[in-house]
Amino acid sequence: MTAVADAGLDLRQIEQFLYREARYADEHDYDAWEALWTDDALYWVPAGDDAADPRSQVSVIYDNRNRIATRLKQLRTGKRYSQSPPSNLRRVISNVEILGTEGSDTVVGANFVLVESRTRGMEIWAGRVTYKLRVVDGEIRLAYKKVSLVNKDQPLPTLAFLI
Amino acid sequence: MDCVTATVPQAGTDRPDYSALIQPERVHGSLYTDPRIFAEELERIWYRTWVYVGHESEVPQPGDYVRKNIGPQDLVMTRDREGQVHLLVNRCAHRANLVCEDERGNSNSFRCPYHGWTFRNNGELLGYPYHQGYGGRGKLNLGMATVPRVESYRGFVFGSFAEDGPTLTEHLGAAAGEIDRLCRLSPEGEVELNAGWLKHRTRANWKLLAENETDGYHPQFVHGSIFSVTGSPIGALYSEKSTAVTRDLGNGHSENDLRPEFRRHGEPMRWFGTTPDRVPDYVAKMRQAYGDEAEQILVEGAPHVMIFPNLFIAEIQVFVIQPLSVDECVQHSTAVQLKGAPELNRRMISQSIGSVGPAGMLLADDTEMYERNQVGAEQLRPEWLEIRRGMHRERVDERGLRVGTATDETGMRGFWSHYKTLMEDDK
Amino acid sequence: MSDEQDRPGVVVGPSSPEVVGSEFAEVAVSVDHEGNGPRLKLEDLRTGRVRYLDALELETVVWLPDGHLRQLLDPSAHRWREDK
Chain X
1 MTAVADAGLD LRQIEQFLYR EARYADEHDY DAWEALWTDD ALYWVPAGDD AADPRSQVSV
61 IYDNRNRIAT RLKQLRTGKR YSQSPPSNLR RVISNVEILG TEGSDTVVGA NFVLVESRTR
121 GMEIWAGRVT YKLRVVDGEI RLAYKKVSLV NKDQPLPTLA FLI
Chain L
1001 MDCVTATVPQ AGTDRPDYSA LIQPERVHGS LYTDPRIFAE ELERIWYRTW VYVGHESEVP
1061 QPGDYVRKNI GPQDLVMTRD REGQVHLLVN RCAHRANLVC EDERGNSNSF RCPYHGWTFR
1121 NNGELLGYPY HQGYGGRGKL NLGMATVPRV ESYRGFVFGS FAEDGPTLTE HLGAAAGEID
1181 RLCRLSPEGE VELNAGWLKH RTRANWKLLA ENETDGYHPQ FVHGSIFSVT GSPIGALYSE
1241 KSTAVTRDLG NGHSENDLRP EFRRHGEPMR WFGTTPDRVP DYVAKMRQAY GDEAEQILVE
1301 GAPHVMIFPN LFIAEIQVFV IQPLSVDECV QHSTAVQLKG APELNRRMIS QSIGSVGPAG
1361 MLLADDTEMY ERNQVGAEQL RPEWLEIRRG MHRERVDERG LRVGTATDET GMRGFWSHYK
1421 TLMEDDK
Chain W
2001 MSDEQDRPGV VVGPSSPEVV GSEFAEVAVS VDHEGNGPRL KLEDLRTGRV RYLDALELET
2061 VVWLPDGHLR QLLDPSAHRW REDK
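Residue numbers (the numbering used here), protein chains in the order written: chain X, 1 to 163; chain L, 1001 to 1427; chain W, 2001 to 2084.
Heads up, simulated PhoX-like pairs for lysine-lysine below, C-alpha to C-alpha not over 25 Å straight-line:
| id | chain 1 | residue 1 | chain 2 | residue 2 |
| --- | --- | --- | --- | --- |
| 1 | L | 1339 | L | 1199 |
| 2 | L | 1199 | X | 152 |
| 3 | L | 1241 | X | 79 |
| 4 | X | 79 | L | 1199 |
| 5 | L | 1339 | L | 1285 |
Simulated from the structure, these hints should not be mistaken for lab results.
All chains should be modelled from the sequences, with the hints used to inform the complete structure.
This is the structure in structure tokens:
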């Protein structure tokens, strides 16, 4: 883990962080993944209309820090049957761009393709991810992750792993 | 007597013998796996009986439309200038092209992109381009097809492809009272389903979902993981000690009546996992609207009712089951919104996102079970699925409805009894 | 980066109306978003009468021949008729 200066995250550091986050999710390393988040975290997977207000329209996932914790606790019980046994996952993150800053957060966009294998078959997931990254105590942390699936307007199969 | 072959038992005709497949204590696995039976279900259930399609609040303004469905049938629900709701089959009367491609919009007429035929939003043909090819204007009486019968109960719009048959009121029977119970949780007596829909693809036969909706036996097992980490009191509602009951409401409808448990506690808003001081505006409005009755409404909470064949009201969520083939369906789900209760509505959306849909902390696990159940039902032995739990302790209540305990399979037996009637009906 | 914000282009309520007026008529024009898609809202400020036009209807108006429009402007065509 590389310590970083407060200002000016460079693309290389950002990419390394995104790959690490992806690996923790792929490998169901729930503790390491949870530790990446800031206290004001928001983990959002919209349904249907990307532009809809998530407070007045349902989303696939709209987790604050508290609900991220609940989701992970449920996974850790081993009786979250939709992830027990866990899916075999590998994702590729690409087209990483620094889009700008919001306060002290760096806004990053990327595309991803993810292959999920389960007993009942293989699923391909793909979409656009928007991250907001913040340097806290010399380390990059994740304040916001929005996953906009290419097929978010279509019926989706169960999505019980960390996307 | 278990030495039946794994194929569909026949009664000397080409049609399956539903009396042999559906017995009081058990049902045959082929009911979930045989494509011929699914084809018959489309004809005898989905394209005949009343099926829930949409809610009037989804087309609030004249000219509004939304894409809907009855099983694999693609429908457009519209509201005309006079305010009437129509269900059109999404197929051009000319060359059968899809007329509407967007999920929703506002247009008083629809123009097919293929050759420009234009229809009013009640289906009537307005005109076609280059009319001389048809000998002039107004020469054809070819509208978009409409679902022959459309009726609405308290905003819930149902359609039936049969020209005649029981009325919606007759079909709903005792289940209508459960829709009433949902509506009276609004200080204005109305619910809206305008928070958007989650669509969850499910590789299982639709009946596994319909049966599970009022199965009070599974929650402590399938949902034990989330109950344990959140300390949820829901598990207790479906325990052996629960005073809640399972009721066969007739016509295939069933409910888990949780009121006995909530009455035992006698705490207003317990059903919503909160207390009156945390939703003071709502409670005040309810007391103003319902007077002395308000206390009972606030204690008893929302219904948990499965309305045959596809509408499930799960307290604060609404589910619609859409079958696509013998082993695939889509679950559509949304949060109930109570008119005049903004304090509750936002929380209902948030709770629904946490619970239902593809990533829901409850429904993802139900769906996992549906899909494993489908694979199981495709295995050859022992051929039967049990529905006998609690038969010996069932009673008949003052309304003449069959009642079992919280974990009994009374609801499933009611479902199958009605299913059998429809499948055997030779009309 | 407008496509990366949480709620790009969400329009809440009608756009503020503009008035198209002359000494003969005054009509407030706005785009209404109360329905499932946008509609043009036209309000005759002298009578309060409101008419909504959806996109297909507007396109149809654009294509109305001048002669057809002149017929509609005849005061006895619709609004002032003895037989109404």
